[in-house]
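Enquirer: Take a look at the letters that make up each chain.
2 protein chains.
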Amino acid sequence: MIGAESLVRTLVASGVDTCFANPGTSEMHFVAALDRAEGMRSVLGLFEGVVTGAADAYARMTGKPAATLMHCGPGLANGLSLLHNAMRARVPIVNIVGDEATYHAPLDPPLTTDTESLARPSSVWVRRVMRTEDLGEAAASAVQAARQHRGIATLILPSDVSWNDGGVVAAPLPVPPRAKVSDSAIRDAAGMLRSRDETLLLMSGDALSEQGLALAHRIAAASGARLSAQTFNTRVARGQGRYPIERIPYIVDDAVRENAGVKNLILVGTGLPVTFFAYPGKPGLATPKDASVHVLARPDDDVIDALARLAGEFDAPARPVAPRPLPQIQRGKITPAGAAETLAALLPAQSIIIEEAITLRNFFFAALMNAAPHDSLENIGGAIGAGPPLATGAAIAAPGRRVVAAQADGSALYTIQGLWTQARENLDVTTIVLANKKYAVLFKELADVGAVPGKTANDLFEIDRPAIDWIKLSESMGVEAARAESLEQFADLLRNSFARRGPFLIELMFA
Amino acid sequence: MIGAESLVRTLVASGVDTCFANPGTSEMHFVAALDRAEGMRSVLGLFEGVVTGAADAYARMTGKPAATLMHCGPGLANGLSLLHNAMRARVPIVNIVGDEATYHAPLDPPLTTDTESLARPSSVWVRRVMRTEDLGEAAASAVQAARQHRGIATLILPSDVSWNDGGVVAAPLPVPPRAKVSDSAIRDAAGMLRSRDETLLLMSGDALSEQGLALAHRIAAASGARLSAQTFNTRVARGQGRYPIERIPYIVDDAVRENAGVKNLILVGTGLPVTFFAYPGKPGLATPKDASVHVLARPDDDVIDALARLAGEFDAPARPVAPRPLPQIQRGKITPAGAAETLAALLPAQSIIIEEAITLRNFFFAALMNAAPHDSLENIGGAIGAGPPLATGAAIAAPGRRVVAAQADGSALYTIQGLWTQARENLDVTTIVLANKKYAVLFKELADVGAVPGKTANDLFEIDRPAIDWIKLSESMGVEAARAESLEQFADLLRNSFARRGPFLIELMFA
Numbered sequence: 001m002i003g004a005e006s007l008v009r010t011l012v013a014s015g016v017d018t019c020f021a022n023p024g025t026s027e028m029h030f031v032a033a034l035d036r037a038e039g040m041r042s043v044l045g046l047f048e049g050v051v052t053g054a055a056d057a058y059a060r061m062t063g064k065p066a067a068t069l070m071h072c073g074p075g076l077a078n079g080l081s082l083l084h085n086a087m088r089a090r091v092p093i094v095n096i097v098g099d100e101a102t103y104h105a106p107l108d109p110p111l112t113t114d115t116e117s118l119a120r121p122s123s124v125w126v127r128r129v130m131r132t133e134d135l136g137e138a139a140a141s142a143v144q145a146a147r148q149h150r151g152i153a154t155l156i157l158p159s160d161v162s163w164n165d166g167g168v169v170a171a172p173l174p175v176p177p178r179a180k181v182s183d184s185a186i187r188d189a190a191g192m193l194r195s196r197d198e199t200l201l202l203m204s205g206d207a208l209s210e211q212g213l214a215l216a217h218r219i220a221a222a223s224g225a226r227l228s229a230q231t232f233n234t235r236v237a238r239g240q241g242r243y244p245i246e247r248i249p250y251i252v253d254d255a256v257r258e259n260a261g262v263k264n265l266i267l268v269g270t271g272l273p274v275t276f277f278a279y280p281g282k283p284g285l286a287t288p289k290d291a292s293v294h295v296l297a298r299p300d301d302d303v304i305d306a307l308a309r310l311a312g313e314f315d316a317p318a319r320p321v322a323p324r325p326l327p328q329i330q331r332g333k334i335t336p337a338g339a340a341e342t343l344a345a346l347l348p349a350q351s352i353i354i355e356e357a358i359t360l361r362n363f364f365f366a367a368l369m370n371a372a373p374h375d376s377l378e379n380i381g382g383a384i385g386a387g388p389p390l391a392t393g394a395a396i397a398a399p400g401r402r403v404v405a406a407q408a409d410g411s412a413l414y415t416i417q418g419l420w421t422q423a424r425e426n427l428d429v430t431t432i433v434l435a436n437k438k439y440a441v442l443f444k445e446l447a448d449v450g451a452v453p454g455k456t457a458n459d460l461f462e463i464d465r466p467a468i469d470w471i472k473l474s475e476s477m478g479v480e481a482a483r484a485e486s487l488e489q490f491a492d493l494l495r496n497s498f499a500r501r502g503p504f505l506i507e508l509m510f511a
Numbered sequence: 001m002i003g004a005e006s007l008v009r010t011l012v013a014s015g016v017d018t019c020f021a022n023p024g025t026s027e028m029h030f031v032a033a034l035d036r037a038e039g040m041r042s043v044l045g046l047f048e049g050v051v052t053g054a055a056d057a058y059a060r061m062t063g064k065p066a067a068t069l070m071h072c073g074p075g076l077a078n079g080l081s082l083l084h085n086a087m088r089a090r091v092p093i094v095n096i097v098g099d100e101a102t103y104h105a106p107l108d109p110p111l112t113t114d115t116e117s118l119a120r121p122s123s124v125w126v127r128r129v130m131r132t133e134d135l136g137e138a139a140a141s142a143v144q145a146a147r148q149h150r151g152i153a154t155l156i157l158p159s160d161v162s163w164n165d166g167g168v169v170a171a172p173l174p175v176p177p178r179a180k181v182s183d184s185a186i187r188d189a190a191g192m193l194r195s196r197d198e199t200l201l202l203m204s205g206d207a208l209s210e211q212g213l214a215l216a217h218r219i220a221a222a223s224g225a226r227l228s229a230q231t232f233n234t235r236v237a238r239g240q241g242r243y244p245i246e247r248i249p250y251i252v253d254d255a256v257r258e259n260a261g262v263k264n265l266i267l268v269g270t271g272l273p274v275t276f277f278a279y280p281g282k283p284g285l286a287t288p289k290d291a292s293v294h295v296l297a298r299p300d301d302d303v304i305d306a307l308a309r310l311a312g313e314f315d316a317p318a319r320p321v322a323p324r325p326l327p328q329i330q331r332g333k334i335t336p337a338g339a340a341e342t343l344a345a346l347l348p349a350q351s352i353i354i355e356e357a358i359t360l361r362n363f364f365f366a367a368l369m370n371a372a373p374h375d376s377l378e379n380i381g382g383a384i385g386a387g388p389p390l391a392t393g394a395a396i397a398a399p400g401r402r403v404v405a406a407q408a409d410g411s412a413l414y415t416i417q418g419l420w421t422q423a424r425e426n427l428d429v430t431t432i433v434l435a436n437k438k439y440a441v442l443f444k445e446l447a448d449v450g451a452v453p454g455k456t457a458n459d460l461f462e463i464d465r466p467a468i469d470w471i472k473l474s475e476s477m478g479v480e481a482a483r484a485e486s487l488e489q490f491a492d493l494l495r496n497s498f499a500r501r502g503p504f505l506i507e508l509m510f511a
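Chains as they are written, first to last, in the numbering used here: chain V, 1 to 511; chain Y, 1 to 511.
Source of the hints: derived by calculation from the structure; they are not laboratory data.
Keep in mind that the hints are not guaranteed to be accurate.
What follows is a list of derived Cβ distance ranges for each label pair [to be verified]:
1) V:Pro244 / Y:Pro172: 56 to 66 Å
2) Y:Pro172 / V:Arg465: 51 to 61 Å
3) V:Thr335 / Y:Gln350: 50 to 60 Å
4) V:Ser184 / Y:Tyr103: 50 to 60 Å
Calculated pairs, EDC-like style, for lysine to aspartate or glutamate (alpha carbon to alpha carbon, straight line, at most 16 Å) [unchecked claim]:
5) Y:Lys438 / Y:Asp459
6) Y:Lys472 / V:Asp253
7) Y:Lys282 / Y:Asp254
8) V:Lys472 / Y:Asp469
9) Y:Lys438 / Y:Glu462
10) V:Lys455 / Y:Glu38
11) Y:Lys180 / Y:Asp305
12) V:Lys438 / V:Asp469
13) Y:Lys455 / V:Glu38
14) Y:Lys455 / V:Asp35
15) Y:Lys180 / Y:Asp302
16) V:Lys472 / Y:Glu480
17) Y:Lys472 / V:Asp469
18) V:Lys455 / Y:Asp254
19) V:Lys263 / V:Asp197
If we take Cβ atoms under 10 Å as the criterion, some of the chain V residues that face chain Y in the derived model are [as the list claims (entries may be wrong)]:
20) Gly450
21) Lys455
22) Asp469
C-beta: ideal position from N, C-alpha, C; glycine also.
Take these sequences, add in the hints, and give me the full structure.
Expert: Shown next, in the form of structure tokens:
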């Protein structure tokens, strides 16, 4: 058996059944092996960022790693920014990165580079496999590492290791369960909660699942603690029937003001509330520096168990979620609030929301709270262009569920090739482009750092010369599209899109 | 003076007058400083690959570095694959990569990553500047390093270093001239050339300038040596009035066959003719393993001086370039040869050809040999998606010259955002999309490694489900476009595009 076949068979045996691929020459045998080994679905992306971003969303939705297939160093490089996001999302991914043959690389052919150096910043596991007989074991180890550490494993695959005979399929390796936190971690948290000082439970990761939110609300109801999610999160269970949760505002002044009174900070599956950027004269933490900090559970711990045990320290019974007023379809001119409310009114149950629209996100966040139950995936790592790939991967991971991307125009343009994969695979993705024709966040940021925009700044932040024609752009990649110039039109387009299979793009024309 | 201003002023003082930019929050003060300091032209790209690829072409055409402006680690990551190509092209670039404030980074905000690890594989110089007062000197040193080593200098700029007061503008640092090769290098080469054994002068870099080619042809005429360029090159002077030169074929079997008789290999501004990839059972060098190798000049040496001195060892006088038959406009169905010949017939003098079409490149190469004099820029590093950014940067670097991109469809889709910058800056770029609707090279490569394409392979190499609508895609980014379904139409569209300012895209519909 050639190496490539042992690799594919090992991945399948270890539970990896989806491969997001953008192959090149050095990956030919892997591609051929996909046809010889049953059980791996291959999904083509036209750009590596589509591949890695899709794998991120796939893992967020399924909890298990997809494989990616990318070409030699520069191919991996194109996927790195969205691997950064996946690293910050703490999701498992197994990268297969082709490379020059072991005996050819020393001659320094043109594509040769230091692939390990490129992979390491986002990977928990990096190996270049040099012998065909080691490939199966390495693949099993990669899957294990990705799952155990909820991180990115990068297997560098020289072409001769792939094409030579001698491959051995390896058995899956065990993945230990999440570690339970200590009793003292629970007791100390309970003590803080009983102190009557203002206490914030800051949550992310598994704590934002439906179950985690329910447990946290029991604790809050019993103790008077306040709950908050981080500013950006991997996945949040939201909508009617789920306990609501606010998040730390992105705007530093807002974040600091809201949390000025916090005396005790309990971290649940996350770290400190560090601001996205520093600004002259402003703090870098949303909570006061002198607040007492207690780690209830690290992101890799069994966060749900920790919350359940902490809830057990209090008497509060589980209470049903109070129903909230249903959002209503709005009419007239398109405003951010009106669009968000209209979307919330029409959102199908069990949808998946992809949110990448930094200056408009709060409108959607607020309105969708009262929509039908859904999951929300956010750009947690800050590398922009996450939206189209995340939407693509979420739809592959969760067939039958509608994916709705609330997408800023500037960021969509980094990875717009994701639309093509949505068309190719007929994915149920509705993309709503919030076309404000500028890097709106940068105008705000410029003001926040105290700089005054001059002509050059305006030139660099406006993207309306020329304006992107979103309808043509979408259609050019096979995704039907239409403009909404009123909320009535927007509602009609949403209804149409939700009523049928396949992708659709709506450009919102703000009043 | 704040750091950012000292940085911009130092860059301008050191001769850097163009900045290809895709800024984020941490670069706000740099952007503001662009307005305060005269002399820097800023060009916006919608994606970092546009920025780095444009800087590559800019350096190829001007011989001097442009600056790039990119956002924190993941922003740089998006530009890395085309920085790889620029590294292989041996051109100078100065990257300014923003980063978190020095005091904020230790808190590990979401965008934090190991930026140095990402930058090093393609950079000759990487520095994170930690004090505002050091910024000017660091910038001058970056320009010096980029120019001296013809490589990429990456300056990592924490936001507080940028916004704090205390910046000092630094004077330009000297760049030593290219080193002259030793007398013995000349003598040994002359000895080889006199040996009567089959001798190949393999050339790249500066040797492929008009002057270098003329000198090499004098040497060849006097000695009977054969001349060849590498398979891919940074810049080649071509067309009528220039001495013609063949290049090592990309296809290994062809390359090996052509060079089977080579006994002596003289390297002129390049390394060995290493094949792009290894293939089972095939050699990794285009020339025989037992050929004697002599290095006349390394890429960083004064290659022109070495060729001139070597020519002086022989008596051959300079002879004028023989005129070659003029290409003729072809008619009828669109074939690769017909399209190439038609383009060659119409190409304006002093055009710049950007070539990224691996399976069709030989048609264009052959026909353009006899076109009006022009420069050709090739994808030397193998990272695909080079075309649209290179075309953009070449047009910025050489206003008044027509840029013509012979562009495969698969590769164009990696960095198609380059079209938008062409529209925004009204650049004289004519893009010819060679839309074969597949990764044609991969079918060939699959066969070459001895693998048989199955269903998955076909799925991963065909990009016609859905077909890209190139007209809509181009128009969506503000570039007018049209389809050519006959060579007559193609000729008309070329004439129209060449007769006016601004970008245009032609989709060639092959028969």
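Enquirer: With reference to the structure, classify each hint as holding or not holding.
Expert: Do the hints match the structure? See the list:
| no. | hint | verdict |
| --- | --- | --- |
| 1 | V:Pro244 / Y:Pro172: 56 to 66 Å | holds, 59 Å |
| 2 | Y:Pro172 / V:Arg465: 51 to 61 Å | violated, 34 Å |
| 3 | V:Thr335 / Y:Gln350: 50 to 60 Å | holds, 52 Å |
| 4 | V:Ser184 / Y:Tyr103: 50 to 60 Å | violated, 33 Å |
| 5 | Y:Lys438 / Y:Asp459 | holds, 10 Å |
| 6 | Y:Lys472 / V:Asp253 | violated, 43 Å |
| 7 | Y:Lys282 / Y:Asp254 | holds, 12 Å |
| 8 | V:Lys472 / Y:Asp469 | holds, 9 Å |
| 9 | Y:Lys438 / Y:Glu462 | holds, 4 Å |
| 10 | V:Lys455 / Y:Glu38 | holds, 12 Å |
| 11 | Y:Lys180 / Y:Asp305 | holds, 7 Å |
| 12 | V:Lys438 / V:Asp469 | holds, 14 Å |
| 13 | Y:Lys455 / V:Glu38 | holds, 12 Å |
| 14 | Y:Lys455 / V:Asp35 | holds, 7 Å |
| 15 | Y:Lys180 / Y:Asp302 | holds, 5 Å |
| 16 | V:Lys472 / Y:Glu480 | holds, 12 Å |
| 17 | Y:Lys472 / V:Asp469 | holds, 9 Å |
| 18 | V:Lys455 / Y:Asp254 | violated, 54 Å |
| 19 | V:Lys263 / V:Asp197 | holds, 6 Å |
| 20 | Gly450 | holds, 8 Å |
| 21 | Lys455 | holds, 6 Å |
| 22 | Asp469 | holds, 4 Å |
Violation of the numbered hints given earlier is confined to hints 2, 4, 6, 18; the remaining hints are satisfied by the structure.
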